[in-house]
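> Generate coordinates for the entire structure from the input sequences, incorporating the hints supplied.
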Amino acid sequence: MRGLFYQLKSVWKDKFCIMSFLLPIVAAVVLRMIGGIDLSSVTEFHFGVLENDLSARTVSWLERYGSVTPYETPEELAAAVNEPSTYMIGVRADGENIRTVVSGDELEIFRQTADTLPALYEGRESAKQFKVTVLGRPDLMDGFQNIFIAITLIVAMFMGCTFNAMNMIAEKENGVELVNQILPMTQGGYVMQKIFVGFIGGCLSAALTACCYFRLSVRRAFLMMTLIVLSAFVAALVGLFVGKFSESLMVGVVYIKIIMIVFMAVPLVSYLAGAGGLAAVICYLVPSCAAFEGIMSLAACGEMVIAKDLAILVAHGVGWFALYLSISKWRRSLSGRAGNRR
Amino acid sequence: MIYSLLKKDFQMLISGKFFLVALGSLVLYTLFIHFGYIHYMHAELYHVYLYDPQGTQGETSDLACPVASQEELDAALSGDTNGVGIDASSGVPEIFFYFGSEKTDNHRADYALSLLQWQKDYKAQVVGSNTPELKQRKEMCCELLFIEIIAVGFLGIASVLFKEKQMGVIRVHAVLPCPKSLFIVSKILLFLLSDLVFAALMVVLNIGFPDAVVILPAVLTQTAILSLIMSLTGFGCTMMLKDFRQFSLAYLVIAIFVAAPVFLSANTSVKMAWINWHPFYHVYMGLKNACFGTPAANPVYYICSVCGIAALFLIVRAAFHREMKKEG
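Quick note, the sequences are listed as chains A and B, same order.
The C-terminal residue of the first sequence carries number 342 in the numbering used here, and the numbering is unbroken.
The C-terminal residue of the second sequence carries number 1328 in the numbering used here, and the numbering is unbroken.
These are calculated hints, taken from the structure and not from any lab test.
In this text, a Cβ means the ideal position worked out from N, Cα and C, and glycines have one as well.
Possibly wrong hints are sitting among the right ones.
As the list claims (entries may be wrong) - Residues of chain A placed beyond 10 Å of chain B at every Cβ, according to the derived structure: (1) Arg64; (2) Pro84; (3) Phe130; (4) Cys212; (5) Phe245; (6) Glu247; (7) Ile282; (8) Leu285.
What the hints assert, rightly or not - DSS-like, lysine-lysine: derived pairs with alpha carbons at most 27 Å apart: (9) A:Lys172 with B:Lys1123; (10) A:Lys257 with B:Lys1123; (11) B:Lys1103 with A:Lys172; (12) A:Lys244 with B:Lys1163; (13) B:Lys1123 with A:Lys244.
Claimed, not checked - Here are some chain A residues the structure puts well away from chain B; computed CB gaps all over 12 Å: (14) Lys9; (15) Gly66; (16) Gly90; (17) Tyr121; (18) Leu208; (19) Val254; (20) Met296; (21) Phe321; (22) Tyr324.
Here is the structure:
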């Protein structure tokens, strides 16, 4: 118990660890305060028109499909259409009809929309006569809004690896590791203490981050906590590996950065690309994928299906722990043999 | 003297594997653009599924996919929730689709109905010079170049400087009979050259030589501005922070709070009201405009950039002098 106290004291003194701990919590508070970023404009079409060119009725008709921005001159309109960050479609009057202008480098969806827009304009009166039934589905953008907090939580959960990795590397650099070797402490006890440091750090940071952002029902909160505990345990194991294999602080920082980038990018790309089949299975090799999926499922208002995600995280925990033990055993046997030879 | 300093810094960068990391990043980014990104980014307009067993709608567009039964129509919509279904079994078309967003749904309904009539072969007027593939190449090239300079360059200067701090180079430099600013200038110059070479290779390899030649001068100008800002910031942070661990945290904060909102505002139609106050937004847009051959930003941007770099240099020089005094 005293050993655990010293470990926590050492982490508490490390500004890097404290800031890593606070960063996701601050991000969750900021996200909560600004109520997420308005992404509704991403799904809309954007039309550029010339002032005093189209009639007010035509502009209102265009506004049914998306936002309309007026420009003073044709050059300004062409520049706006060519602007690479948007997919603006220029619309100009063409007698009784309209004609469209595109930059030529847009995605197929916007080019097709521009190609078919005059036909839609011609048939605008007849289109009103038909019955349209919209089937229920939660707002697509809700899912995208949740991405920000899901990624923040992933950072909080898996930042746990920073605490024990930094702690182990600092011990190596300060020579404490050599002192540890002559202390009456078993290898198991040492590993448990190091896992505990990462686990507690990750758990606390992720739990506070979740509390700052979510207002969940008791059942969802319990499942979220289970998800956090399992992820923080896996993160602590990852930290153990980083601490063991990093020779210096700089190498350790680089490892942690690569791990965090992979842990954030893989679930994000997998979610946005809708990976399925073999690709999804490969993605699950990164533990944050299951955690991300679980958070998104809990954050959404619909049915929760996170049993699979929890099972994957348990498998990761067992697998990584077994791998660490077998590597440690193998290294010990190697150094034992080398000692005998000497 | 400057030659000796440059030579020493060059050797430090080689031994710190900085060039190796930059080369590795270049290969990785190039492979990603050539074999990943441009093949992945595709989005087509919604599919329209038509159930018309009696053929009441006459000649319809080829873009409407016929289905044989109501069940098949339901299954198609369940599998493709962005799609639109038209049930014309009663003779009068009825439109079905899953909710997307209000404005998109208006377009989906009208677009689906328009496919029930014969359509003229209309093509929108094209006013740009890029193809979709070239745009994707330029876009990703610009983003990766920005990331590389704010990440690898920033971390690179820190790793070299912290090593020198540990080795006592700053203490030695304090007693050398040479202008103190040369120490800063040689480092900044080397990182600037390295970033310029990286940018040139990145643009040529990923955009193609003929298109790259036209935009290269503008891209290199913007790269130089970004490189100077980042290496001076990196230098300043290294002087002010105690060790690489603290620096690494500063980097994390910069990476998250600088890159995330800038990328969101500059690459999508999401425009946050305060983004114009974010200095890196203007630098990124300068780089992006250069990659796309758009006329350069207004002179105020260049004046602010030069003033910003000069101010950073003065801050860094003051921090360096303070550090030399501290080192004795």
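> Work down the list of hints and note, for each, if the structure agrees.
Outcome of the hint check:
Against chain B, the non-interface label of arginine 64 (chain A) is violated: not every CB pair exceeds 10 Å, the least being about 5 Å. The non-interface label for proline 84 (chain A) is inconsistent with chain B: the shortest C-beta to C-beta separation is roughly 5 Å, within 10 Å. A Cβ of chain B approaches the Cβ of phenylalanine 130 (chain A) within 10 Å, the least distance being about 6 Å, so the stated non-interface status is violated. For cysteine 212 (chain A), the shortest C-beta to C-beta distance to chain B comes to about 17 Å, beyond the 10 Å cut-off, and the non-interface label holds.
The beta carbon of phenylalanine 245 (chain A) is kept farther than 10 Å from every beta carbon of chain B, the shortest such distance being approximately 17 Å. For glutamate 247 (chain A), the non-interface assignment is confirmed: its Cβ lies about 14 Å from the closest Cβ of chain B, beyond the 10 Å cut-off. Residue-level check passed: isoleucine 282 (chain A) sits 15 Å from the nearest beta carbon of chain B, beyond 10 Å. Every Cβ of chain B is farther than 10 Å from the Cβ of leucine 285 (chain A); the closest lies at roughly 19 Å, confirming the non-interface assignment.
For the proposed pair lysine 172 (chain A) and lysine 1123 (chain B), the alpha carbon gap of about 67 Å is over 27 Å, so the pair is violated. At most 27 Å may separate the alpha-carbon atoms for a hinted pair to count; lysine 257 (chain A) and lysine 1123 (chain B) exceed this at roughly 48 Å. Straight-line distance between C-alpha atoms of lysine 1103 (chain B) and lysine 172 (chain A) comes to about 60 Å, which puts the hinted pair past the 27 Å bound. Proposed proximity of lysine 244 (chain A) and lysine 1163 (chain B) is supported: the alpha carbons are some 23 Å apart, at most 27 Å.
Distance check on the hinted pair: lysine 1123 (chain B) and lysine 244 (chain A) sit about 62 Å apart at the alpha-carbon level, beyond 27 Å; violated. Look at lysine 9 (chain A): its CB is around 17 Å from the nearest CB on chain B, clear of 12 Å, so calling it non-interface holds up. With a closest Cβ-Cβ approach of about 5 Å to chain B, glycine 66 (chain A) is found to fall inside the 12 Å limit, against its non-interface label. Interface exclusion of glycine 90 (chain A) from chain B breaks down, the closest Cβ pair being 7 Å apart, not more than 12 Å.
Not every CB of chain B lies more than 12 Å from the CB of tyrosine 121 (chain A), the least distance being 9 Å, so the non-interface label is violated. Every C-beta of chain B lies more than 12 Å from that of leucine 208 (chain A), the closest at about 18 Å, which supports listing it as non-interface. The beta carbon of valine 254 (chain A) is not kept farther than 12 Å from every beta carbon of chain B, the shortest such distance being approximately 8 Å. With a least CB separation of 17 Å from chain B, methionine 296 (chain A) remains clear of the 12 Å interface cut-off, as annotated.
Even its closest Cβ contact with chain B, about 27 Å, leaves phenylalanine 321 (chain A) beyond 12 Å, as expected for a residue assigned away from the interface. At roughly 24 Å, the least C-beta separation between tyrosine 324 (chain A) and chain B is larger than 12 Å, which holds for a residue marked as non-interface.
The structure shown violates the earlier hints numbered 1, 2, 3, 9, 10, 11, 13, 15, 16, 17 and 19.
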